[in-house]
Amino acid sequence: MKTFIFILLVFSLAVSQNSYDYDNMKEDMYNTELKKWRDMLSNAESEITRIDGEMSTLNGELTNLDSETENIWNQIYAAVGMDKAGFEAYMAEINQLRSDVQAFNSLSSEEAYKRRAEIDAFQKRHDALKANKASALTQAENALASIQSMINSARAKATLPNSMYQVVRGDYLWKIAGKSDVYGDPYGWTWLYNNNKSLIKDPNLIFPNQIFSVARAVDANQYLVKKGDSLSKIANSYGSAFKWTSLYESNKSIVEDQNVIYPYQVLTIPNN
Numbered sequence: 702m703k704t705f706i707f708i709l710l711v712f713s714l715a716v717s718q719n720s721y722d723y724d725n726m727k728e729d730m731y732n733t734e735l736k737k738w739r740d741m742l743s744n745a746e747s748e749i750t751r752i753d754g755e756m757s758t759l760n761g762e763l764t765n766l767d768s769e770t771e772n773i774w775n776q777i778y779a780a781v782g783m784d785k786a787g788f789e790a791y792m793a794e795i796n797q798l799r800s801d802v803q804a805f806n807s808l809s810s811e812e813a814y815k816r817r818a819e820i821d822a823f824q825k826r827h828d829a830l831k832a833n834k835a836s837a838l839t840q841a842e843n844a845l846a847s848i849q850s851m852i853n854s855a856r857a858k859a860t861l862p863n864s865m866y867q868v869v870r871g872d873y874l875w876k877i878a879g880k881s882d883v884y885g886d887p888y889g890w891t892w893l894y895n896n897n898k899s900l901i902k903d904p905n906l907i908f909p910n911q912i913f914s915v916a917r918a919v920d921a922n923q924y925l926v927k928k929g930d931s932l933s934k935i936a937n938s939y940g941s942a943f944k945w946t947s948l949y950e951s952n953k954s955i956v957e958d959q960n961v962i963y964p965y966q967v968l969t970i971p972n973n
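Mapping to the numbering used here: the sequence shown position 249 is 950, numbers consecutive.
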C-alpha cells in the first residue's frame with residue numbers, strides 16, 4: 702500500500718512539473734503522451750504486484766519462523782517438565798519473591814533487624830525455585846541470581862551492629878544511658894547493664910576506659926518493654942491478651958510481680 706501511494710505521488714509530481722497545451726496538441730503527440738502514461742501506469746502496477754508478492758512470501762516465512770520458534774520453546778519447556786503456561790506461573794512466583802525482598806530492603810535497618818527471620822523464609826523460597834529444572838532457563842537463572850544478591854543485601858541490612866561506648870571519669874550507667882548518642886533516656890541503664898553484665902560486677906561501680914556494648918535492637922524472639930506496657934498489652938500485640946500468663950511464666954526470672962514491669966526490660970516471647 703505504501704509503495705502504491707509513493708507511485709501516485711511520483712505521478713502527481715511529474716504532472717505538476719509538465720505543462721500541456723491540450724487544445725493545440727496534435728493527435729499523434731497526444732497518443733504518444735497517452736501511451737507513455739499508460740506504460741508508466743502498467744509498470745507501476747507490475748511493480749506493486751511484484752512487491753505484494755514479495756511481502757506475501759516474507760509474511761509466510763515469518764509465520765513459519767514464528768511456528769518454528771514456538772515449537773523450539775515447547776521442546777525447551779518439555780525438557781524442564783512444564784509447558785508455556787507452567788513456565789509463566791513459575792516466573793510469576795519468582796517475580797513475587799523479588800517484590801517481597803525489595804519491600805523488605807526498603808525497611809529501616811532497625812525494622813529489618815526485628816524482622817530478620819523473614820530472610821530465612823525468602824532464602825527457602827529462592828532455593829525451592831532454584832531447585833526447579835526451569836531455573837536453568839536464562840530468564841529464570843538471571844532473575845534468581847538477582848534475587849539472591851538482594852537477599853544477601855537484606856542479611857547485611859538486618860545485621861544491626863551494636864555501637865560501643867567508652868566510659869569516662871564521672872560516668873555512671875544512668876548518666877550514660879541518658880546521653881543522646883546512647884539511648885537518650887536514663888531509664889535505659891538497665892538494658893545497658895544487662896548487655897554488659899560480663900564487664901559490670903556492680904551496676905553502681907564502673908570504671909574509666911571500660912568499653913560497653915550499646916544494643917540497638919532485641920532478638921526476634923524478644924520484646925523490649927516500653928513505658929506504659931503491661932504483660933496483657935504485650936501479649937495482645939502477639940495475638941491474645943489472655944496469653945499474658947505464658948509470657949509471665951517465660952520471664953519469671955526477671956519479672957517478680959506479674960503486675961509490674963519496667964521500661965527497657967527485655968522479655969522472652971514464648972513460641973506458643
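Read the hints as simulated data drawn from the structure, not as lab findings.
Incorrect hints may have been included.
[What the hints assert, rightly or not] Keeping only pairs whose Cα atoms sit at most 30 Å apart, straight-line, the calculated DSS-like set for lysine-lysine is:
1. 727 with 815
2. 927 with 944
3. 928 with 815
4. 902 with 934
5. 928 with 944
6. 834 with 815
7. 902 with 880
*30 Å Cα cutoff - pair residue 902, residue 880*: With a Cα-Cα distance of about 22 Å, the restraint between residue 902 and residue 880 holds, given a limit of 30 Å.
*Sort out whether residue 815 lies within 30 Å of residue 834, counting only the CA atoms.*
violated, 34 Å
*Starting from residue 928, check that the Cα of residue 944 is at most 30 Å away, please.*
The given pair, whose Cα atoms are some 20 Å apart, holds under the 30 Å limit.
*Restraint status (C-alpha distance of residue 727 to residue 815 at most 30 Å)*: Not OK: residue 727 and residue 815 at ~101 Å, beyond 30 Å, violated.
*Given the hint that residue 928 pairs with residue 815, test it: the Cα-Cα distance must not exceed 30 Å.*
Holds - the C-alpha atoms of residue 815 and residue 928 are around 19 Å apart, at most 30 Å.
*asked:* Holds or violated: residue 902 and residue 934, Cα atoms, limit 30 Å.
replied: violated, 33 Å
*Would the pair residue 927 and residue 944 pass a check requiring their Cα atoms to be no farther apart than 30 Å?*
Status holds; Cα separation ~19 Å.
The structure shown violates the earlier hints numbered 1, 4 and 6.
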